[in-house]
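Engineer: The primary structure of each chain is shown beneath.
2 protein chains.
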Amino acid sequence: MKTNILLTPGPTPVLPEALRVMAEPIFHHRTPQFRAVLKELFELLKYIFRTHESVYLLSASGTGAMEAAVVNFFSPGDKVLVVNGGKFGERWGKMAQAFALEPEIIHVPWGHAVDPAEIKKRLEANRAIKGVFTTLCETSTAVLTDIKTIAQYTQNHQALLVVDAISAIGGEDCRMDEWGLDVVITGSQKALMIPPGLAYLAAGKKAWNQAQESKFPKFYLDLKKYQKSLLEEDVPFTPAISLVLAQLEALRVFKKEGYEQVIARTRQLAGSVRAAAQAMGLAIYAKAPSNVVTAIELPEGVDGSKLVKTLRDEMGVTLAGGQDQLKGRIVRIAHMGYIRSEDLRAGFQAFAEALALQGYKCETAKALEQFK
Amino acid sequence: MKTNILLTPGPTPVLPEALRVMAEPIFHHRTPQFRAVLKELFELLKYIFRTHESVYLLSASGTGAMEAAVVNFFSPGDKVLVVNGGKFGERWGKMAQAFALEPEIIHVPWGHAVDPAEIKKRLEANRAIKGVFTTLCETSTAVLTDIKTIAQYTQNHQALLVVDAISAIGGEDCRMDEWGLDVVITGSQKALMIPPGLAYLAAGKKAWNQAQESKFPKFYLDLKKYQKSLLEEDVPFTPAISLVLAQLEALRVFKKEGYEQVIARTRQLAGSVRAAAQAMGLAIYAKAPSNVVTAIELPEGVDGSKLVKTLRDEMGVTLAGGQDQLKGRIVRIAHMGYIRSEDLRAGFQAFAEALALQGYKCETAKALEQFK
Chain A
1 MKTNILLTPG
11 PTPVLPEALR
21 VMAEPIFHHR
31 TPQFRAVLKE
41 LFELLKYIFR
51 THESVYLLSA
61 SGTGAMEAAV
71 VNFFSPGDKV
81 LVVNGGKFGE
91 RWGKMAQAFA
101 LEPEIIHVPW
111 GHAVDPAEIK
121 KRLEANRAIK
131 GVFTTLCETS
141 TAVLTDIKTI
151 AQYTQNHQAL
161 LVVDAISAIG
171 GEDCRMDEWG
181 LDVVITGSQK
191 ALMIPPGLAY
201 LAAGKKAWNQ
211 AQESKFPKFY
221 LDLKKYQKSL
231 LEEDVPFTPA
241 ISLVLAQLEA
251 LRVFKKEGYE
261 QVIARTRQLA
271 GSVRAAAQAM
281 GLAIYAKAPS
291 NVVTAIELPE
301 GVDGSKLVKT
311 LRDEMGVTLA
321 GGQDQLKGRI
331 VRIAHMGYIR
341 SEDLRAGFQA
351 FAEALALQGY
361 KCETAKALEQ
371 FK
Chain B
1 MKTNILLTPG
11 PTPVLPEALR
21 VMAEPIFHHR
31 TPQFRAVLKE
41 LFELLKYIFR
51 THESVYLLSA
61 SGTGAMEAAV
71 VNFFSPGDKV
81 LVVNGGKFGE
91 RWGKMAQAFA
101 LEPEIIHVPW
111 GHAVDPAEIK
121 KRLEANRAIK
131 GVFTTLCETS
141 TAVLTDIKTI
151 AQYTQNHQAL
161 LVVDAISAIG
171 GEDCRMDEWG
181 LDVVITGSQK
191 ALMIPPGLAY
201 LAAGKKAWNQ
211 AQESKFPKFY
221 LDLKKYQKSL
231 LEEDVPFTPA
241 ISLVLAQLEA
251 LRVFKKEGYE
261 QVIARTRQLA
271 GSVRAAAQAM
281 GLAIYAKAPS
291 NVVTAIELPE
301 GVDGSKLVKT
311 LRDEMGVTLA
321 GGQDQLKGRI
331 VRIAHMGYIR
341 SEDLRAGFQA
351 FAEALALQGY
361 KCETAKALEQ
371 FK
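First to last, the protein sequences are chains A and B. Residue numbering for the first sequence follows the numbering used here, beginning at 1 and increasing consecutively. Residue numbering for the second sequence follows the numbering used here, beginning at 1 and increasing consecutively.
Hints are computed from structural coordinates only; laboratory data are not their basis. The reader is advised that the hints may include incorrect statements.
Intra- or inter-copy, both count: the list cannot distinguish identical chains.
Calculated lysine-lysine pairs in the DSS-like style (CA-CA distance at most 30 Å, straight line) [stated by the list, open to error]:
1. K361 to K327
2. K255 to K46
3. K309 to K39
4. K228 to K87
5. K372 to K79
6. K46 to K224
7. K372 to K215
8. K309 to K228
9. K306 to K225
10. K306 to K218
11. K130 to K39
12. K87 to K218
13. K46 to K130
14. K121 to K148
15. K120 to K206
16. K39 to K94
17. K206 to K79
18. K327 to K225
19. K218 to K205
20. K287 to K306
21. K205 to K287
22. K224 to K94
23. K120 to K255
24. K205 to K121
25. K228 to K372
26. K79 to K215
27. K366 to K309
28. K205 to K46
What you are looking at is a predicted structure, and each value in this text was computed from that prediction instead of being measured.
All chains should be modelled from the sequences, with the hints used to inform the complete structure.
Structural biologist: Structure (structure tokens):
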């Protein structure tokens, strides 16, 4: 590989400041020095979650935080609504089944966002529903869910709104307190600009009330242990120290730029990516496109799996292909976190070259112009 | 801090090669490049576990792997024996309770190792016991458990021997296949020379048979998912990529030196540490001392908490103090992984100075001579 331009929706490129801090000698976590790190990090996490609630830090993949949401706020047999319009909505459903919740699955055609009115209808039809599980950005289809509207309905119902915002927080606008989201989770390796290995979860009062009744056995993901430790700016189990230090650096940079500015910049990059694809004669797959990742439909006759391989192995540009029914049919290009306009420009240039190798020729000048 | 000598039993100093690789730009995990990393790492993990069984990689603290042992190989109501002679044995007991196992706790006086004959007796008295949970090194007391002998008894019984070897693997001799250990877990931040954030678990055939009957709901820690992914040299959930790369570097260095050599070197360092403490007139706390960490009793009148603070904040040497009943009464000095003789020499020099500040004066020449 000559270059290594990473445009996948997780992991995303790691901020240089974060890389640097991970190369420094480690120090112990039960020290005033590390408590100060956690204290500042916890405040910055509240800032990016747009919440006054505590944000809990788990040493785990995003899926670990999804499981923490299930085992802390629900009980076996609870009826829940699950929005399944892609691989991560599907994961909510599988997890709900694994934990013997009673999921009612809303099957949303891939590429489409769930209609909030559908959720309203189902909630009204069944007052026993205890939760609504959805993604904010469904990473597999690059579809954005209108969780702000959905939250208006869950607020008039006992159901908790549980949002997998793993690929979204720090890129999509997501205002936990203002919108009334009950449980929000994210991961470190998307818009938060560091490697995978940390996950974060915040919950509102309605969720904590329901947590009192939770009957799942739990230990590593037992948030009550994290609540107790938080009183001393600590975590209950040895955290992934180097990633915590990296996350602090990254969120400092985030805050310095400012929440509104980062969200606006990400949205602008998303617009540029969509315009570039369209300038190349390619269609955007998502009907409700997200701002953190764009799914681009490939022309007839182009083998998407081969395209992704050519880009990665011969041109040094890593994109994501499609999964399941979209295998070979789309590419997904991320534009969040530390992905910069010049990375996207180089990525699109290579993308056009790889398409040309498979016989799809197009003008690239107008596409590349988007990334000045 | 002028210096930063880390002599705690986790985290331990990170190998420079591992620090370096964490500072490199990240790459995607669903690539042939990363599969090659995992393939090599999985082989190296078998090498250090002394097993032909697969070793599973979890992005979690060691406690996550402890939980994986409980939820994959047991069911609610299972009777288990728990050896509790310190904080980590205690954790096995708490976890067993949290998951509604029926733990029979063997309370071992702190500083002592469990008598294997006691386990034999209890196993014979109750054929229904499904598991024996123990530590290999009980990090809180620096006591080594004779798991080789215990395994002789569990092999003639249905009970699985589940070993928390988090602070031990790669430092203490631990031969999973040869000794007949059923479930062995460890973490990345002790003798394996990288930061915390990864945990490893291996299980033998007897354990996998019992796993068939396990009735716990599970998802993130469901080892069947890891088994399935392993067929493609993969893991089911986004791993902590930078730590995986670091672990590969560290285990390459480990293997290059050789298992027998590393274990022998660690044992020798342990002997030097014990001799140094005794040369300073200090007693070794553990009756069955481990080779990865040594607990040293402090003289009457010395405030151990203050001593640890002085060492850390004024002398740049981080040791661990005692926990619970040992708070203020001992210090724990680790000598595993990347901790070298010269670190221990500097650590002991500072230790003697800090003791002198509290009025305990001793000759240090003979102590320091141990670390030539």
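Engineer: Now tell me if each hint is right for this structure.
Structural biologist: Going down the list of hints, with the structure as the test:
Proximity of K361 and K327 under a CA criterion of 30 Å is satisfied intra-copy only: 22 Å inside one chain copy versus 72 Å between copies. Taking identical chains as interchangeable, the C-alpha atoms of K255 and K46 lie at most 30 Å apart only when both belong to the same chain, with a minimum of 11 Å there against 44 Å between chains. In this assembly of identical chains, the alpha carbons of K309 and K39 lie at most 30 Å apart only when taken from different copies (20 Å versus 43 Å within one copy). Proximity of K228 to K87 under the C-alpha cut-off of 30 Å is restricted to the inter-copy arrangement: shortest distance 18 Å between copies versus 34 Å within a copy.
In this homomeric assembly, K372 and K79 never come within 30 Å of each other (Cα to Cα): the closest approach is 50 Å inside a single copy and 66 Å across copies. In this assembly of identical chains, the alpha carbons of K46 and K224 lie at most 30 Å apart only when taken from the same copy (18 Å versus 36 Å across copies). Taking the closest pair of Cα atoms, K372 and K215 never come within 30 Å of each other, the shortest separation being 55 Å inside a single copy and 57 Å across copies. In the homo-oligomer, the alpha carbons of K309 and K228 lie at most 30 Å apart only across protomers (24 Å), although the nearest pairing inside one protomer, at 48 Å, exceeds that limit.
When the C-alpha separation of K306 and K225 is checked against a cutoff of 30 Å, the pair qualifies only between copies, where the shortest distance is 27 Å, while the shortest distance within a copy is 47 Å. With identical chains, the CA atoms of K306 and K218 are never at most 30 Å apart, being 44 Å at best within one copy and 36 Å at best between copies. Within a single copy, K130 and K39 get their C-alpha atoms no closer than 33 Å, and across copies no closer than 43 Å, so neither meets the 30 Å cut-off. In the homo-oligomer, the alpha carbons of K87 and K218 lie at most 30 Å apart both inside one protomer (26 Å) and across protomers (19 Å), since each shortest distance falls under that limit.
In the homo-oligomer, the alpha carbons of K46 and K130 lie at most 30 Å apart inside one protomer (25 Å), although the nearest pairing across protomers, at 44 Å, exceeds that limit. In this assembly of identical chains, K121 and K148 lie within 30 Å of each other by CA distance solely inside one copy; the values are 16 Å within and 62 Å between copies. For a Cα distance limit of 30 Å, the shortest separation of K120 from K206 inside one copy, 18 Å, qualifies, whereas the shortest one across copies, 50 Å, does not. In this assembly of identical chains, the alpha carbons of K39 and K94 lie at most 30 Å apart only when taken from different copies (28 Å versus 35 Å within one copy).
For a Cα distance limit of 30 Å, the shortest separation of K206 from K79 inside one copy, 17 Å, qualifies, whereas the shortest one across copies, 37 Å, does not. In this homomeric assembly, K327 and K225 come within 30 Å of each other (Cα to Cα) only across copies, at 22 Å, whereas the closest approach inside a single copy is 41 Å. Both within a single protomer and between protomers do K218 and K205 lie at most 30 Å apart by alpha-carbon distance, with minima of 20 Å and 26 Å respectively. Proximity of K287 and K306 under a CA criterion of 30 Å is satisfied intra-copy only: 26 Å inside one chain copy versus 63 Å between copies.
For a Cα distance limit of 30 Å, the shortest separation of K205 from K287 qualifies neither inside one copy, at 34 Å, nor across copies, at 50 Å. Proximity of K224 and K94 under a CA criterion of 30 Å is satisfied in both settings, with 25 Å inside one chain copy and 14 Å between copies. When the C-alpha separation of K120 and K255 is checked against a cutoff of 30 Å, the pair qualifies neither within a copy, at 35 Å, nor between copies, at 59 Å. With identical chains, the CA atoms of K205 and K121 are at most 30 Å apart within one copy only, with a shortest distance of 25 Å there and 50 Å across copies.
Proximity of K228 and K372 under a CA criterion of 30 Å is satisfied in neither setting, with 49 Å inside one chain copy and 45 Å between copies. Within a single copy, K79 and K215 get their C-alpha atoms as close as 14 Å, and across copies as close as 21 Å, so both meet the 30 Å cut-off. With identical chains, the CA atoms of K366 and K309 are at most 30 Å apart within one copy only, with a shortest distance of 25 Å there and 63 Å across copies. When the C-alpha separation of K205 and K46 is checked against a cutoff of 30 Å, the pair qualifies only within one copy, where the shortest distance is 15 Å, while the shortest distance between copies is 46 Å.
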